[in-house]
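Visitor: Protein chains in written order, with my numbering: chain A, 1 to 546; chain B, 1 to 546.
Take these hints with a grain of salt, some might be off.
[Stated by the list, open to error] Interface residues of chain A toward chain B, partial, derived using beta-carbon atoms under 8 Å:
hint, residue
1, Trp45
2, Leu191
3, Arg193
[Said to hold, decoys possible] If you want the footprint, here are the derived chain B segments under chain A, 3+ residues with CB under 8 Å:
hint, segment
4, 244 to 256
5, 513 to 522
[Stated by the list, open to error] Once the Cα atoms are required to be at most 30 Å apart in a straight line, the calculated DSBU-like pairs of lysine-lysine come out as:
hint, chain 1, residue 1, chain 2, residue 2
6, A, Lys346, B, Lys347
7, B, Lys540, A, Lys77
8, A, Lys479, B, Lys203
9, B, Lys135, B, Lys353
10, B, Lys107, A, Lys230
11, A, Lys421, B, Lys540
12, B, Lys372, B, Lys421
13, B, Lys335, A, Lys504
14, B, Lys141, A, Lys353
15, A, Lys421, A, Lys346
16, B, Lys107, A, Lys353
17, B, Lys353, A, Lys348
18, B, Lys230, A, Lys486
19, A, Lys335, B, Lys335
20, A, Lys540, B, Lys77
21, B, Lys10, B, Lys353
22, B, Lys348, A, Lys335
23, A, Lys143, B, Lys353
24, A, Lys540, B, Lys540
25, B, Lys540, A, Lys335
26, A, Lys421, A, Lys315
27, B, Lys335, A, Lys356
28, B, Lys203, A, Lys348
29, B, Lys486, A, Lys203
Simulated from the structure, these hints should not be mistaken for laboratory data. Quick reminder that beta carbons are idealized off the backbone N, C-alpha and C, glycines included.
Number of protein chains: 2
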Amino acid sequence: MKLPEGVSSKDFNAAMDEFRGIVGAPWVFTSDEDVGLYRDAYSPWWDEPEELVPSAAVAPATVEEVQAIVRVAGKYKIPLFAISTGKNLGYGGSAPNLTGSVIVDLKRMDKVIEVNDKRNFCIVEPGVSYFDLYKYIQDHKLKVMMDIPDPGWGSPLGNALDHGVGYTWNAYRDHYGSHCGMEVVLPNGELMRTGMAAVPGAKSWADNKYGYGAHVDGLFAQSNFGIVTKMGFWMMPEPEHFLSCRVSVPGYRDIVPLIDVVNYLEDQGLIGFPRYASSLDPMTLMMEPERVQGDKELLAMYSKPGVATAEEYEKYARSRGIDYWNVLLTFYGPKDAVYANWAYAKKKLAGIKDVKFEEVESYALPLDEATKQKVHHQVALGIPNMSIFSIGARSKVMPDPADGHVWLGSILPRSGEELIKAHEVFSQAMHDLGISPVVVGPFTAPQEWNHRTFIFMAPFFVSRSDKARNAKVREQYVKLVEIAAKHGWTEYRTGPAFQDVVAKTYSFNNNALLRFQTALKDAIDPDGIIAPGRGGIWPKRFRRDA
Amino acid sequence: MKLPEGVSSKDFNAAMDEFRGIVGAPWVFTSDEDVGLYRDAYSPWWDEPEELVPSAAVAPATVEEVQAIVRVAGKYKIPLFAISTGKNLGYGGSAPNLTGSVIVDLKRMDKVIEVNDKRNFCIVEPGVSYFDLYKYIQDHKLKVMMDIPDPGWGSPLGNALDHGVGYTWNAYRDHYGSHCGMEVVLPNGELMRTGMAAVPGAKSWADNKYGYGAHVDGLFAQSNFGIVTKMGFWMMPEPEHFLSCRVSVPGYRDIVPLIDVVNYLEDQGLIGFPRYASSLDPMTLMMEPERVQGDKELLAMYSKPGVATAEEYEKYARSRGIDYWNVLLTFYGPKDAVYANWAYAKKKLAGIKDVKFEEVESYALPLDEATKQKVHHQVALGIPNMSIFSIGARSKVMPDPADGHVWLGSILPRSGEELIKAHEVFSQAMHDLGISPVVVGPFTAPQEWNHRTFIFMAPFFVSRSDKARNAKVREQYVKLVEIAAKHGWTEYRTGPAFQDVVAKTYSFNNNALLRFQTALKDAIDPDGIIAPGRGGIWPKRFRRDA
Numbered sequence: 001m002k003l004p005e006g007v008s009s010k011d012f013n014a015a016m017d018e019f020r021g022i023v024g025a026p027w028v029f030t031s032d033e034d035v036g037l038y039r040d041a042y043s044p045w046w047d048e049p050e051e052l053v054p055s056a057a058v059a060p061a062t063v064e065e066v067q068a069i070v071r072v073a074g075k076y077k078i079p080l081f082a083i084s085t086g087k088n089l090g091y092g093g094s095a096p097n098l099t100g101s102v103i104v105d106l107k108r109m110d111k112v113i114e115v116n117d118k119r120n121f122c123i124v125e126p127g128v129s130y131f132d133l134y135k136y137i138q139d140h141k142l143k144v145m146m147d148i149p150d151p152g153w154g155s156p157l158g159n160a161l162d163h164g165v166g167y168t169w170n171a172y173r174d175h176y177g178s179h180c181g182m183e184v185v186l187p188n189g190e191l192m193r194t195g196m197a198a199v200p201g202a203k204s205w206a207d208n209k210y211g212y213g214a215h216v217d218g219l220f221a222q223s224n225f226g227i228v229t230k231m232g233f234w235m236m237p238e239p240e241h242f243l244s245c246r247v248s249v250p251g252y253r254d255i256v257p258l259i260d261v262v263n264y265l266e267d268q269g270l271i272g273f274p275r276y277a278s279s280l281d282p283m284t285l286m287m288e289p290e291r292v293q294g295d296k297e298l299l300a301m302y303s304k305p306g307v308a309t310a311e312e313y314e315k316y317a318r319s320r321g322i323d324y325w326n327v328l329l330t331f332y333g334p335k336d337a338v339y340a341n342w343a344y345a346k347k348k349l350a351g352i353k354d355v356k357f358e359e360v361e362s363y364a365l366p367l368d369e370a371t372k373q374k375v376h377h378q379v380a381l382g383i384p385n386m387s388i389f390s391i392g393a394r395s396k397v398m399p400d401p402a403d404g405h406v407w408l409g410s411i412l413p414r415s416g417e418e419l420i421k422a423h424e425v426f427s428q429a430m431h432d433l434g435i436s437p438v439v440v441g442p443f444t445a446p447q448e449w450n451h452r453t454f455i456f457m458a459p460f461f462v463s464r465s466d467k468a469r470n471a472k473v474r475e476q477y478v479k480l481v482e483i484a485a486k487h488g489w490t491e492y493r494t495g496p497a498f499q500d501v502v503a504k505t506y507s508f509n510n511n512a513l514l515r516f517q518t519a520l521k522d523a524i525d526p527d528g529i530i531a532p533g534r535g536g537i538w539p540k541r542f543r544r545d546a
Numbered sequence: 001m002k003l004p005e006g007v008s009s010k011d012f013n014a015a016m017d018e019f020r021g022i023v024g025a026p027w028v029f030t031s032d033e034d035v036g037l038y039r040d041a042y043s044p045w046w047d048e049p050e051e052l053v054p055s056a057a058v059a060p061a062t063v064e065e066v067q068a069i070v071r072v073a074g075k076y077k078i079p080l081f082a083i084s085t086g087k088n089l090g091y092g093g094s095a096p097n098l099t100g101s102v103i104v105d106l107k108r109m110d111k112v113i114e115v116n117d118k119r120n121f122c123i124v125e126p127g128v129s130y131f132d133l134y135k136y137i138q139d140h141k142l143k144v145m146m147d148i149p150d151p152g153w154g155s156p157l158g159n160a161l162d163h164g165v166g167y168t169w170n171a172y173r174d175h176y177g178s179h180c181g182m183e184v185v186l187p188n189g190e191l192m193r194t195g196m197a198a199v200p201g202a203k204s205w206a207d208n209k210y211g212y213g214a215h216v217d218g219l220f221a222q223s224n225f226g227i228v229t230k231m232g233f234w235m236m237p238e239p240e241h242f243l244s245c246r247v248s249v250p251g252y253r254d255i256v257p258l259i260d261v262v263n264y265l266e267d268q269g270l271i272g273f274p275r276y277a278s279s280l281d282p283m284t285l286m287m288e289p290e291r292v293q294g295d296k297e298l299l300a301m302y303s304k305p306g307v308a309t310a311e312e313y314e315k316y317a318r319s320r321g322i323d324y325w326n327v328l329l330t331f332y333g334p335k336d337a338v339y340a341n342w343a344y345a346k347k348k349l350a351g352i353k354d355v356k357f358e359e360v361e362s363y364a365l366p367l368d369e370a371t372k373q374k375v376h377h378q379v380a381l382g383i384p385n386m387s388i389f390s391i392g393a394r395s396k397v398m399p400d401p402a403d404g405h406v407w408l409g410s411i412l413p414r415s416g417e418e419l420i421k422a423h424e425v426f427s428q429a430m431h432d433l434g435i436s437p438v439v440v441g442p443f444t445a446p447q448e449w450n451h452r453t454f455i456f457m458a459p460f461f462v463s464r465s466d467k468a469r470n471a472k473v474r475e476q477y478v479k480l481v482e483i484a485a486k487h488g489w490t491e492y493r494t495g496p497a498f499q500d501v502v503a504k505t506y507s508f509n510n511n512a513l514l515r516f517q518t519a520l521k522d523a524i525d526p527d528g529i530i531a532p533g534r535g536g537i538w539p540k541r542f543r544r545d546a
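In isolation and in its complexed conformation, chain A is listed as follows (with noise of 0.2 Å):
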């Protein structure tokens, strides 16, 4: 067991008998086999001196013992990390950004306190997964739609603190925009509410964000100043239906207007997420095995030594009859409205030479059991379930059998001049750190996950034997954030092993954000309890420079 910083065996051993008086003994893990459950699967520094690993964890049932659990953790100055449901992989998993923290388990707070279908809203405990919150919907006949990141295992609550992101309808997809009110424990212990949830007797704690004066919300997101124990959410009514439909354009250059075209629809309010793929993304082509084995002229590209150029993959796929790009549009409404905005789609879009369009599925709502079944791509009807975690995670597809990944998610305006640069500058870089050629290049499309923003990724792959491979990847990726950063491209967010990393790249006039951040953080939690380093954020008691 690794004791935090600073911290005494006998400190520790008395807070750990406080914490079983507080939430019973089977609720305290300090075995190595229980607090092993917590280290994050996808570590960077698998079985090294660095992983961040807990010391052990409590698991308290209500809000009142997550309060007596800080003070206790304060009495002894023990920090803790907190968790909702800790499946978080690709950032962080469970694992916390100081190792020794005790990490403090919510999955056993788990009440979905309300769902809404007049209003449109919910109000969750952090143990709450997508899964539960969609059995609760389901069971109580309720009209509202989730709006869900791609593993259903998560948490509403987690994960918008993590400024997590979905896909479907417009802000809904901006999990942390679209909450509304949360109840905090803060690092003294006391609990505080926020927004309308601050007003004793308000209905309103998921109508009105705001309340009255500085919002402090964002101070809990992607951040330490204390536990969130309740958070609400708007939600989504049903709508009447769903329709999905691909555009396709030949050229690689095709994508300016295409994005310019999808952002006029996107910020009417007339499409959901846009999903933007290439034809020769590897990724997506490894998916369909049988489409490129043979494919020598394909398979050479890939593995051309230096990096194939935008024009070699065009005419390539010109010579076979295969669109460059394509996105796929989804309309949610009315059906005939939904058919209306989809040929309004189809008018401004006409404008780009050879584009093609194809209605791909449309659905009235609500679906029945057969037909959820039959869905192609689930999420985007705010379906829960594990399939595109489960072919990115550790599966045959990705290059090298691997054992987990981390995310590269760099933030790059909507438009296609800055993704065309974005291509020549992350293959570049990704040549000379010796990247395949296969995890980035011309052909990687955009996400657009979260309203408005062009996210742009690239998996590392890390290993649970190879500790010479995760030294490398470490290191790619920090070069990487730092070769992003220089063209004005940042992480929308990433695990506690490159936290400070990205942090620091957020650099106006010497990271005076990150030092307001800072001094905020020290008046607030002067001992340093809540999870020391999360978002780059340090107290005093643990910063180097301090």
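Use these hints to put chain B onto chain A, whose structure you have.
Guide: This is chain B only, laid out in the frame that chain A set:
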């Protein structure tokens, strides 16, 4: 001249001299005549010792000048109060929370940094008004629509920082919520940027709100953690078509299903601002005096000692064939989709007995100049003007000629049942407080300016000559805030005169939220330089209980 508490004349004069050195003598205002212009024209303490008045004003032209001013203020411990256009009448105007504060008038910082109609955003300085921004958009023939409040002379930046609201589609109406990235001068004079604005060279200032880590922007709105000098906003691209349609229902309780359906339409993004109204509202009727005059039955009801009930109003309405409630629905988008959405709305509303539907305005966009002048409700089309404001402000349609008004704006959940309860509670309370029954009654419609939030508005009319009346208004206002809070309804916004009272209604756990905000304030602004008291947050130096 009233100096700020605890500041000597000598220090004050030295600061003014330094301010003159920074901005030039003509931009430092200390004469009573000049400083008088920064009084709140609608102060409920007009000409009384308690009136909140500044000591002086300084008008910087650049961010560097703002920084220098803040540093000088810190040196002499002089509280500052920044305004953008200062036109926030009804909510405090340009006057500070603490008498003797120096106004930092940002009107000269009037640069439109960027308006982008491919990614649909703008970045502006504080002194840019809605009129300015509109002119810029027109001059550059940009295809974006602004979301604006009633008076066009305000500032997008200032309005957003006051949690101001507008009239177009969905989330754009929430002006703070639609902001994206800030530049702020902190209380120590340092410059900070947030979100993507914190990334040197990034082009995504106004694409992505969060960047990475704790999101601190909320601390700068309705609050006092810094002076915001630049701000990005998401904008709506100009749609192809605008349609507005009126839905009328005859019965008082028809508001319940009406609201349920409108919520459903809105949360799917099918409609813009739903403008609820009652044909029985005296405020509305006074704009059509010919309808009221001579209708003795109606006038008797308005002046009825006690409170006329909803039943009485409904009986009157039915006897005259007047519909009790109506809502103007607005649709933005492709013409065919707009009409399909309207057809769908009619279908969903058809279940309300005797519901009536009427198409009001239908325009292809962009509008030509002649059509712009004809439009009934220009703000719904993003055209800034002063017409609604000038009706409300000091005009003859108000009960008793008044010199101004202060608004009570209580947040209600979006439900008809809750609105009915609010009618009962507010009507009774206002009757008990001796307020005219024409101000609020069972005819008061909810305002849904802020996406997903009902605001229940009540104006209070103040005088420049009748101090007894103002005293009564202040007493009534505070009592109503307290009565409303008992029912879970609290204010979304208020002027400095009432900010402490309102902030304290967010009282969960012994005002944990306000205590948290105050602790942050003390850490960031230990000398209480920036807008002490704003948003109910008093720095230690000025705190009565400190």
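Visitor: Give a verdict on every hint.
Guide: Structure-based check of each hint:
1. Below 8 Å, beta-carbon pairs count as interface contacts, and Trp45 (chain A) has none with chain B, the closest being about 21 Å; its hint is therefore violated.
2. A cut of 8 Å between beta carbons decides the hint on Leu191 (chain A): the least distance to chain B is about 5 Å, and the hint holds.
3. Among the interface hints, the one on Arg193 (chain A) holds; its C-beta lies about 5 Å from the nearest C-beta in chain B, closer than the 8 Å criterion.
4. Remark: the segment 244 to 256 of chain B is not confirmed as covered by chain A, as 0 of its residues place a Cβ nearer than 8 Å to a Cβ of that chain, below the required three.
5. With a threshold of 8 Å between beta carbons, the proposed coverage of the segment 513 to 522 of chain B by chain A holds, since 7 of its residues qualify and at least three are required.
6. Among the hinted pairs, Lys346 (chain A) with Lys347 (chain B) is consistent with the structure: their alpha-carbon atoms are about 27 Å apart, no more than 30 Å.
7. Between Lys540 (chain B) and Lys77 (chain A) the CA atoms are separated by roughly 27 Å; this keeps the pair inside 30 Å, and the hint holds.
8. About 21 Å separates the Cα atoms of Lys479 (chain A) and Lys203 (chain B), which keeps this hinted pair within 30 Å; it holds.
9. Among the hinted pairs, Lys135 (chain B) with Lys353 (chain B) is inconsistent with the structure: their alpha-carbon atoms are about 46 Å apart, more than 30 Å.
10. Between Lys107 (chain B) and Lys230 (chain A) the alpha-carbon distance is near 42 Å, which puts this suggested pair outside the 30 Å criterion.
11. Under the criterion of a C-alpha separation no larger than 30 Å, the hint pairing Lys421 (chain A) with Lys540 (chain B) is inconsistent with the structure, at around 51 Å.
12. For the hint pairing Lys372 (chain B) with Lys421 (chain B), the CA-to-CA distance comes to about 39 Å; that exceeds 30 Å, so the pair is violated.
13. Of the supplied pair hints, the one linking Lys335 (chain B) and Lys504 (chain A) is violated, its CA atoms being roughly 47 Å apart against a limit of 30 Å.
14. Under the criterion of a C-alpha separation no larger than 30 Å, the hint pairing Lys141 (chain B) with Lys353 (chain A) is consistent with the structure, at around 26 Å.
15. For the given pair, Lys421 (chain A) sits about 27 Å from Lys346 (chain A) by alpha-carbon distance, which is consistent with the 30 Å threshold.
16. Of the supplied pair hints, the one linking Lys107 (chain B) and Lys353 (chain A) is violated, its CA atoms being roughly 48 Å apart against a limit of 30 Å.
17. Taking the CA atoms of Lys353 (chain B) and Lys348 (chain A), the gap is about 41 Å. The hint is violated against a cut of 30 Å.
18. Proposed proximity of Lys230 (chain B) and Lys486 (chain A) is supported: the alpha carbons are some 23 Å apart, at most 30 Å.
19. Taking the CA atoms of Lys335 (chain A) and Lys335 (chain B), the gap is about 15 Å. The hint holds against a cut of 30 Å.
20. Distance restraint check for Lys540 (chain A) and Lys77 (chain B): the Cα-Cα separation of roughly 27 Å lies within the 30 Å cut-off, and the hinted pair is therefore satisfied.
21. Simply put, Lys10 (chain B) and Lys353 (chain B) have alpha-carbon atoms about 73 Å apart, too far for the 30 Å limit, and the pair is violated.
22. Pair hint Lys348 (chain B) plus Lys335 (chain A) holds up; C-alpha atoms about 13 Å apart against a cutoff of 30 Å.
23. Straight-line distance between C-alpha atoms of Lys143 (chain A) and Lys353 (chain B) comes to about 24 Å, which keeps the hinted pair within the 30 Å bound.
24. Annotation: proposed proximity of Lys540 (chain A) to Lys540 (chain B) holds, straight-line Cα distance about 23 Å (limit 30 Å).
25. Proximity of Lys540 (chain B) to Lys335 (chain A) is assessed by CA-CA distance (about 58 Å); at most 30 Å being required, the pair is judged violated.
26. A hinted pair counts as satisfied when its Cα atoms are at most 30 Å apart, and Lys421 (chain A) with Lys315 (chain A) qualifies at roughly 20 Å.
27. Among the hinted pairs, Lys335 (chain B) with Lys356 (chain A) is consistent with the structure: their alpha-carbon atoms are about 23 Å apart, no more than 30 Å.
28. Only pairs whose Cα atoms come within 30 Å are accepted, and Lys203 (chain B) paired with Lys348 (chain A) is accepted, the gap being roughly 26 Å.
29. For the hint linking Lys486 (chain B) to Lys203 (chain A), the alpha-carbon distance of about 12 Å falls within 30 Å, and the restraint holds.
Checked against the numbered hints given earlier, this structure breaks hints 1, 4, 9, 10, 11, 12, 13, 16, 17, 21, 25; the rest are met.
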